[in-house]
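Engineer: What follows is each chain in one-letter form.
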Amino acid sequence: MASFVITLPSRGNGGRGARPGFPGFVTDPRGAFNPFDHLTQAGRAAEIAAFHGALAPFDPQGEESLVAAASLLRQSRWLRVVAGFHPGVATPVYAAKVSASLQRFSGDRLDWRISVDLDPAVARAQGDFLEGADRYARAEEFLTVAKGVWSQEDYTYEGRFYQVLAGGFLSPLAGRAFPRVHLSGTSKEALALSARHADVHVFEPGDDIEAVDLPGVTYGLRLPVLARDDEDEAWRAARRLWSGGGGAADALPDPDPRTGLWAGFGPPDPGSAPGTGSSRAGLVGSFETVAAGIRGYIDRGVGAFLLEATPHIEETYRLGERLLPLLAKEGAHVR
Amino acid sequence: MSVDIYWRIGTHGDQPSLRRRVVSRGEWAPVVEGSLAPGVRDGRRDDYSYVEHMGDVARASEVSGFVGGLLPSFPNTDDPWATAATLARETTTYRFMIAFQPGFLHPVQAARMSASLQRATGGRVVYNVISGGGGPDQLWWGDKVDHDDRYARTSEFLDVLRGVWDGGPFDFEGRFYRVEGAGLPQELTGQPFPEIYFSGSSKAAIDAAGRHADYYLSWLEPFHALAEKFDQVRANSDRTPKFAVRIDVVARETEEEAWDEIRRGWDNIDPTVLRGATGDSIGWQRSQSFVTGAITGHRDLEVTPNVWGGFHLLRGGPAFGLVGSYEQVAERLDELINLGVGAFILAGVPHLEEAYRVGENVLPLLRGHDLRIDSPLLEGTSS
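Sequences listed follow chains G and S, in order. Numbering (full-length UniProt numbering) for the first sequence: 1 to 335. Numbering (full-length UniProt numbering) for the second sequence: 1 to 383.
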């Protein structure tokens, strides 16, 4: 069966946004809570709703993902937590060191989602001025060194970007599972990097998946979804999403007749790669319709879905109760 | 001014006592009979880890009245950022003093992690900024920047971290860092900037401390030497620096019990260690310089009353600590407060039980500033 990961909120105070005050005569006990109460509940919802994992995305406008991931790992038992970051955030030795502790604390449930090709302005605001193919060269070194210190004693490396002398983790930091690496991108450099280092290569819904050949790598798909009991209800919710995001009612996009993708899910994350499009595309419809769309991707070789749905907690429960069972049954039937 | 008293958490295991130098709490040393090594139960993996014990030490510390604890960082320890983020939501008042070296993290990333941690904890992050001990460890970390340059890098790092903290947009072009249009997202702004504890004995360290430190942190040394060090920092600072001291404590009901605890550990020291003890850090060389004369017994390392310089022989870490009755230890801490110390990072082995002991028996005896400032203990070594 394919694996399903739900994307966690990274901003809006844990995904709830501003909460209006109560009228003065209503006792308001809410001051004791902080943004991580909501964020944690979104993560726990993923576990309770039987998702395989949750993605704490790299969002330069939102919560830092390794802190969010650590918090969620502590408050879950089974959930894999994917932390998104870019290679400029830390040295590979330090990124590995932090991750080794998180693997120890969580029973090896941390994964990495590495954003290599950031929007240039976003990258410069993170202190990263590398551009073009150099970004992939650095990511290659980053992953090589991180894996090197993780698994080898007396590890030495001399590269363009990083150096290590007599490094490498000792027991008990050594010996944990290296985080599963999620990478993305369709450029030549991106695919070459994935061929060497990815456990999961994450596609966009409109990508030409068939044109890519990455043996041994799980194909992932980032996919916004909006599913309801029937088509009418789903499209009503889609219209509300569109107008809530500032879209004009007469400009409501139609789903692409060929792919069924609806490009109305709102702007791409600032952390996502250039060329993602002006609005994220995903699947809208009844649970059966969306499940059929997902089956189509499974038939095309996708084995890992990184679903996006808001509001996070409610949609996570909804998808866990209604969508995932349809796909589990299908998987069982096929086998 | 109130005095902040922290209690260290060992991020590299712990000993059950100072009597035998066996790190059998946690899985950081080979497992022996009696080891409390989480992870395996009845031969099967249980997915517990050392962080459970660290969480217990943190909770014991906050229950006992410590404001928080130092989480040290070395090549073979658990990472303080990971530990703090993991334990954030199962503590209430505990401040996480995160030891880290600038250069391993980008300052924008450090700002983002810190702001998220402040949001997760309600503002309980404190920094212990280390600019690096040097030697082979720096290359283990993959850091080739030279000693004095590392302090320059620390300065830039903290400039960028502060620059983005309020949201920016912040531009910076330095020797080590460059950012353009940087700044924390609005949602992450408005958090208190973490207090900075800063250490290092070299001129470069003291210069950088003068600019950035809220607290200048030192290992315990004989008090006259500490007083001199503090004067140096004051002379190099354009602000009014505050001082913090990291101190191991063996405090017991009576003085005899305390020294008996040390004696039991002393009797188990390998004599060759006593003769050949060396260290490669400047702090260690300073420590050694305070011990003169032949060492024939453990009390020979008591360089001034209750200030004992043999802790490194009984457990990993710095040499000096306090040994004595609850009253004596409290008096020595009061004397340090009178020297200008505004924060302590105390430690005791084992950290869990000793947090309760010190919190219950020593901290209530502190009197603060009402001792005479011209204590005889300040006038040179007495042994």
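Take these hints with a grain of salt, some might be off.
These stretches of chain G come out as covered by chain S in the derived footprint (C-beta under 8 Å, 3 or more residues) [said to hold, decoys possible]:
| hint | region |
| --- | --- |
| 1 | 26-37 |
| 2 | 73-84 |
| 3 | 93-99 |
| 4 | 282-295 |
| 5 | 306-313 |
If you are wondering where the hints come from, they were derived from the structure by calculation, not from laboratory data. Even glycine gets a Cβ: it sits at the ideal position worked out from N, Cα and C.
Engineer: Against each hint, give a clear statement of whether it holds in the structure.
Structural biologist: Results for each hint:
1. Beta-carbon proximity to chain S at under 8 Å applies to 3 residues in the region 26-37 of chain G; the threshold of 3 is reached and the given coverage holds.
2. Note: the region 73-84 of chain G has 3 residues with beta-carbon separation from chain S under 8 Å; the three-residue rule is met and the coverage holds.
3. Under a criterion of three residues with beta carbons nearer than 8 Å to beta carbons of chain S, the stated coverage of the region 93-99 of chain G is upheld, 5 such residues being counted.
4. Restraint check on the region 282-295 of chain G versus chain S: 0 residues with Cβ-Cβ distances below 8 Å, three needed, restraint violated.
5. By the rule of at least three residues with a Cβ nearer than 8 Å to a Cβ of chain S, the coverage given for the region 306-313 of chain G is violated, with 0 such residues.
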